[in-house]
Structures are given as structure tokens and as C-alpha cells.
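Enquirer: Listed here are the chains, written in short residue letters.
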Amino acid sequence: MKTNKLLLSLTSTLAALSMNAMAADAIKIGFLTTLSGPASAPGIDQSDAFKLALKVLGGKLGGLPAEMISVDDQFSPDAAKQGADRLLRRDKVDVLTGVIYSNVLLAVTPAAIANKTIVLSSNAGPASIAGKDCSPYFFSVSWQNDAPHEAGGKYMLDKGYKRVALIAPNYPAGKDAATGFKRFYKNELALEIYPKLGQLDFAAEIAQLRAANVDAIYYFLPGGMGVNFTKQYSASGLDPNIVRVFQGYDADQQMLTVGDLINGVVNTGQWSSDMDNAANKLFVTEFTKAYGRVPSTYASQAWDAAYLLDAAVRNIGGKIEDRDAFIAAIKEAKGFKSVRGDFRFARNHFPIQSQYARVVTKMPDGKYLNKLVGVVLKDHSDAYIDQCAMK
Amino acid sequence: MGTLLLEQTLNGLQFSVTLFLIAAGLTLVFGVMNFVNLAHGSLFMVGAYFAAWFAGMSGSFWIGLLCALPATALVGLVVEVLVLRRLYAKDHMVHVLATFALILIFNDLVRIVWGPLPLPLDLPSGLAGAIQLGPVPYSSFRLVIMLSGVLVGLLLWLLVTRTRMGMWVRAGANNREMAIAMGVNVKWLYTAVFTFGTVLSALAGVMLGPFVAVESGMGDGVLILAFVVVVIGGIGSVLGAAAGALIVGVVDTLGRTALPALLSAALPPTIATSLGSALGSMMIYLVMVVVLFWRPSGLFPANS
Amino acid sequence: MLTKKSQSALVWIVLFVALACFPWLATWAGQDFYIGVVIRIMIFAIVASSLNLILGYGGMVSFGHAAFFGLGAYAASIAVVHGANNVWLVWTLAAVVGGISALAVGFVATRTRGAYFIMITLAMGQLFYFLFVGLRQYGGDDGLRMPTRPALGFGLDIASESVFYAVVLIWTLLMHLLLARLVRSRFGLALEAVRENESRMGAIGYSTRQYRVIAFAVAGVMAGVAGALLAMHNQFVSPKMLHWSQSGTLMIMVALGGMGRLHGGFLGAAVFLLLEEVLSSYFSYWHIFVGAILLLVVMVSPDGLAGLGRLFKRKAATPVDEGHAP
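Chains as they are written, first to last, in the numbering used here: chain A, 6 to 396; chain B, 7 to 310; chain C, 141 to 466.
Simulated from the structure, these hints should not be mistaken for laboratory data.
List of simulated lysine to aspartate or glutamate pairs, EDC-like, C-alpha gap at most 20 Å:
no.	chain 1	residue 1	chain 2	residue 2
1	B	K96	C	E336
2	B	K96	C	E338
3	A	K164	A	D220
4	A	K33	C	D172
5	B	K96	C	E332
6	A	K56	A	D96
It should be emphasised that the depicted structure is a prediction, and the values quoted were computed from it without experimental measurement.
Model the full assembly from the supplied sequences, consistent with the hints where possible.
Expert: What follows is the structure, encoded as C-alpha cells:
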């Protein structure tokens, strides 16, 4: 009995080590995202969307039965690393996706790439991975971190606002947002404010805005900070004609909480729930039916991740064990109908896509919709491509 | 420039009063029962959640407020009776661990009950706008917050110095055994004080709810602020909490507004911005470290 | 019958042998992922034990201990990023950084008592946290990658997991021995006496503050080395490692395991991390369980899980042993 077991484990180990492993009969997706703690709302959105996409696709991606293994990264790069290790080594996933936050992504990507596992980012897109650290095993189906800010800058430039204020938290990501914004808004800013992370009270900042007589404000205040600022801004009696612009993914979430207060506020992003294409219509209908809420940008990215994999796996006839072919199929994205419309990858494996302006609009039924109002940056690729050595 | 100065002074003051409101419940529990209550932030959060829930159901902020206070008080009472009262006699380590456990529990509990997204809590309709204070438009609700903070301060001071209950409280704080010997029912006194402290924390949560995101973990940042205020001012005294709130409020507002300007006048711009921003986040912690190094028991401790 | 001391030594020898054999067992069973889990447990065992020194033995409720852990990790990562390729140098650097920062924090904090002490340690921890969040050149909030593990020498490849496991195991053993020697020495006994009755110790001529500050510094050195090991394990460090919530987690570990008990840190780290590993796969609200368990432990057995044994023994003992007076 014991020798049989030993023989069995020996032979299976040998088999696994052999170069041409058996053809895969299923595809394993490691879904590493933030499911606990205060920062979990985007992660839960993505998890919901991905699960739904798998269900709509009949539990299969490209004909292969798909197994989704969820792991909570607890918003901690250290915990995420262990969770990722579990997915890579114990569960032996083929694709790692679902990561929301840049610090988590940066912590887990190197090990995944070393393990020849494909990382399909459904949200975070740090500059280093778009540029000098680009890798064939990494794909982003979402956006590069600077994109919404670049779009915000271009929007303000196009609209001709003269006195513009910029608000971003005082840490490198905030500074990056400012850099992205200024890359396209070439005029001098009337005011730049950098509140501290997690700041509660914005009265002093609002006073500065009032004194600077601005006609437009671009702000990047992720999570709770954004809600705090919005609530206090609206109560402060600032000129209602001041134009506010921020990011689409935040707008989608804030609409559910402080919709009234951001009615009419412009936000930028690569997708909108009212986009007119078949894939998006299916997505929005199914999501609303399943979860009773309009999907967010985060959800759209997770849905697209599933459908992209579906197309790629189908194109290689299910032979995902041939990693190079799998990568080429993802890169080509043939037959992939994104909820954003047409989709293609740049050579650094980040999307080339348009950035749109959307406006939070109150609908007759009292709910809010982020309405598409125009293109800001057409077929836009990121600023870090030149630093990437891939062809 | 003059209007900006006026507005910022008002803001500094307003922030100070807000801080006092946040810290009031903590200083009471701390001072009377010598109990390190890390769950203070969680009770703040529960107060805000109840307010959002009741206000959402009834459509009125004031009903939300009126219902949230007793609801949170009940939660505080249950926690005190079931868990905390066994721990008063033990040392601070145990208090810290037990109340830290409560933070973990409450943060997940509110997510289970109300979901991961922030709850909407709107300003009361009459007070949603701004009124003119001379040249400066000022948020009416902020003035109401200031008013509540001042009222709470007066109430606490009156309670502690002028009433029988207050006398018991001070007796209990100064000498527990003596108080027991004199016939004060210390066990129920502590329960009453803790529940009252809970109501104060909840009140702060309800009043701030319309201005901040009502979400899981919202109490954590507030907790730290409250502790900084109480510790700088001196544990156990209402005057201490007021002093601490004033210092933190003014320093923080100055740090965000005047400091960057001051630094750029003296240093090259790149260094000024990075130094200014780095200092901004650390400001109140630096102040606390400096104050405690100079006065290890805070500025106006109750039991000196 | 074995004496208590050799009983305890036997337990440790068995444990050490079990840990040493574990990687082979895991690989044979095809579960080599768990080698990484045990490495992490051992690293946290070291830092939890270092906190146990000041919290359990020293009676000082430090809410900023994660800072020394994180500082050690950053010292190691920054050194490697700047070209350091000698693990001995990196470990020394991490130990020194951890020790000196702990000395500074301890010196300032020990001027205060009670709740003030708790707050000042928290504040100083947060100062370090915000420092690293703001440091763009070392990643800021995004964290810093350690591109390769610094070399060990002796022809051993530290990038190999089994070698790294052995390294961490040896460090864990060494740190445990250090702690054991320290707490049984005159220094350790004096430290505990200072915890029990500071005024008395002061009255009989002990410089109580000195004992506290030295304990802090030693704990800082241990935490710094543990931090360097975690940075090498993950090949990544982020400011989250210095946040007060991480300090809270460390405190939970010590409380669970047993404050002031020699294996409290080890036991607590193992139990907590295993709970986390198991619970988080099933339940996204697992923090509630951790909180509930912590509450239970604090209320029922203030000496943590290590003290449970004693609790049962006491309850099982017949009244004759106690020698009650009627």
C-alpha cells in the first residue's frame, strides 16, 4: 500500500516535470482581490462581475471548464503575497487576475511571472509595469494608472478653463495623478493642494479654493476621502458654477452614496454603462438582474477579463499549456468583444483605448446614471510604452 | 486675503470644537474608570451607521439622531455588561487587547449588516447650505457642530462639578475603595459612565456623519485623533480635552495652510513642497511627542 | 520523571526536529506551498517574541512595535537596491537600524506611563509609517521590491527555498535561545520585577528606566532582523508593515500565545497565522472570529493559550494541594 502511494507520487511528480505536460482539461483562474476591510467594495464588485461572466458563459472559458479560486488579499501586500503563492503553487492556477490595488499587484507580479503564470490585471496599472518592467506574461485589461488623470487634463484644456485647481493626496500616487493631469493640461494651475491621506476635515482646503477664485477643480481623492470632500464641499456654499472633474471609477461608487451631491459632475474613464454595443448591453442587463445595481467600472473590467480569456482560449483550441500560444492569443484578442467596444493591446500589453467624459445624471426614477458625453482622448496609449523593451 | 484669514481662523476653531466633541466621550471613560477604550472609534462608527439607517428610513436627519443615540447606548451597555466590566481591575494591556478585539468585531459587523459601501447620510434640509458671516459664506451645519461641541463641553463641566452624580464620579476616579466604603455603587456608576461616554461618542458620529463617509473603519482615524487630543490635554479632565482639542485643531489647520507657504518663502520650492507635505501628515504626532516629552502626563491631567 | 526544565527542553528538541523535517514532508506530499507558510510563521514568531519581551516581560504596552519590524525590512531592501549583496551585512544593518530606532523610541517613551506610553509609542510608529509612505524614491505607498536575496556565501544558494527555510529556522532557534537566556538572567528577572512593582525596584536602587530602554533596544534588534527576513521572503516591503494595525496584530499574537511566557510569541504567531490561512479561505468576515477568539482568550485566560495548561492544572488539582485555611 505504502509503496504504491510512493510510486504514484513519484510518477505524478515526474509527469508534472516533463516538458510536454498533458493537455489541460480545465482552466484555473486565481482571483486575488480585496474582499475584507474598508477598501473591499471594488474587490467585491469585480468578484461579482467575474462570477457572473463565468455563469453566463456556462462555466466555461473558450470551451474549457473554468474553475475560479478566490483569495482575499486583505489590502495588504504581505498577505497578498502568501495568497498569491497559494494560488500559484498549491492550486497551480493558469491565470492570476482580480487585483485592485497597485501595491498588491507590485508585490505579487514578479513571482507569478517567474512561475510562468499569466497575470491579467483587471484594475491596477502601475507605471513601472507599463514601462521598464513590462513582461510578456503581464496583461492589463483595465487601464494604466495615469489614464483618467490625463483625460481630466485634456478635458479641462479643451474646455478652456483658465483658473484650475488640483487636489490630490499627499503621497506618490497622488503626485503621479498630478503629473498625469499636467501632461495634458499645459497651462499653469491656479492652485495645487495636497491634503494628507485619510484626512477628515476639508474646511481649510475649501477655504483656499474659495480664495483662489477657481472656475474648475480636478480632484483625485480615492475612497472615503472623496466622499468626505464631496459632502463638505456641497455644504460650503462655493459657487455652484465651478466645474468639478474626477475619476470615473470613483464616480461609479459615489453615485450610490452621495449621488445628489455629484449630480452634474464630470468624470473620465474608458467605459460607461450606457455605451451602445451588444457586449455592454448584455453585461449591464445581466449584472443589474443578478445584483440589483448598475455595474461599476471595476465590474466592467472583471467582466472583460473573463470574456478576453474566453476568446483567447477558444482561439488556441483550449491548449493553454502552450503558454507562448496562449500569450499570443491574448495579445491578439481576436473575437473579443469588450464592453468598451473595439479593443486592442499596445506592445506593452496595456490597452489602446479611448478615454471618455461622463456626467453624473439623475434619472427620472431617482437613480443615477453616469452618462457618456464625449470622447476626450481617442485611441490613447500610455506614456510609458517607450520604456518597455517588448516588441 | 483678509477673508481667507478670517475663514481659516474660523476653520481652525471649528476643527478644534469638532475634535473636542470626538474626544469628550473618551476622556470621560478614561478619566473616571482609568480604562483605555479603543472601542471609542467603533461606537462613533455605530452611532453614524444607526443615524444613517434611521434617517434613511424616516427621511429625517433629526429622527436619525434621536434614534441613533439610544440605539448606540444600548450597544455600549451590552458590551459593558458582557465584556468590559470584568476587565476594569486588570491592567491597561488587557483593556487594549479587549477593545482592539472589539474594533475588529465591529468593523466586520457593520459590513455584514449594511454592506461594504458607505451609507448615505444627508445633511438636514434646513441646514444644508451656507449662511453669510460677514464677508464669508460659512456652512450652517458646521456652525451647528460647533454649537453641539460647546454645549457638550458645558454639560460635562456642569455634570462633573455641580451634580451629585459628578461628585460620585470624581470620588470613584480618585479613590475607588473609599467610594465603595462610602456607599457609592461603583459597579453601576461605571456602567452609567460608560454608557454616557458611548452616547457622547455616538453623538460625535451622528453630527459628523453628514460630512464624512459612513463606512467600515471610519472610526479608526477618529480614534487616533481622539487619543492624541486626550493625551496632549491630560487624561481625565474636561479642561484637558478642551486644551488638547484647541492645540491639535490649530496646529493641524496651520500645518495644512500656513506651513507650505512659510516653507516656500524660506526654502527652494521642491524641498519646500516635499518637506511641507511630509510634515503635514506627521504634524499632530510630532506635537504629541514633543508635549509628552516635556509633560509626560499631558498638560492638565485630572489626577496629578 | 523528567524535571520541568528538561521536559521543556525535550519539547523544544522535538519541535525543532519536526520543523527541520517539515520541508521534506511537505514536498513529498506535494504540498510545498506550505513551506512558505511555515517560513512566514517562524518569521512572525521572532517578531512576536520580541514584542513579548517588552510587552509580556517588561509590561510595556507598545503600540508601535511594527515600526521596528518595518524598519528592518526597509533597511534590508534599500541596502539590496543600492547593491549590497552580502546577507550578513544586510542582517547587521537591519539589526542596527532596528536597535537604534527602538533605543530612541524607548528613551522618549519611557518618560511616560500608562496610557500616555501607549499613545506615544503609537505616535512614533505612525511617524515612521508616514515617512515611508512619503518616500517616493523607495516606492512610497506602492512599496519596494527586493530584486534578489543577498548572498549567503558558503556555496549555498539563498534563493532556493529549502536553504532559506533552513536559514530562517536557525534564526528562529537562535532568537528563541537569546530570549530564553535573557529572561532567565539577572536582567530578565529585574525587568519582570520592574514590571511588577516599579516604585519598589526604584527604591532599592535599580535604574528602572534603563532596564526598560535596554529591553526596548534588544526587542528592536530582534524585530529588525525579523523584518529583514520577511523582506527577503516576500522580496517586497511596503509601508503597511509599519502601520499601527500591524502593531495591533503583533499584540494579538502575543496575547494569544501567552504574554510573559517564553513560547508565547511562537505559539501566538503560529495560531494566529494558521487561523488566518484557514479562515480567510472560507469566510471574508473572518476578522470577527479573530476578534471573538481574542476576546475569549483575554477574558478566560489572561496568560494566553500557553497559560491554558496551567488553568486546567489548577482546576484539576484537589483542594488538599492548595492548603486552604478553613
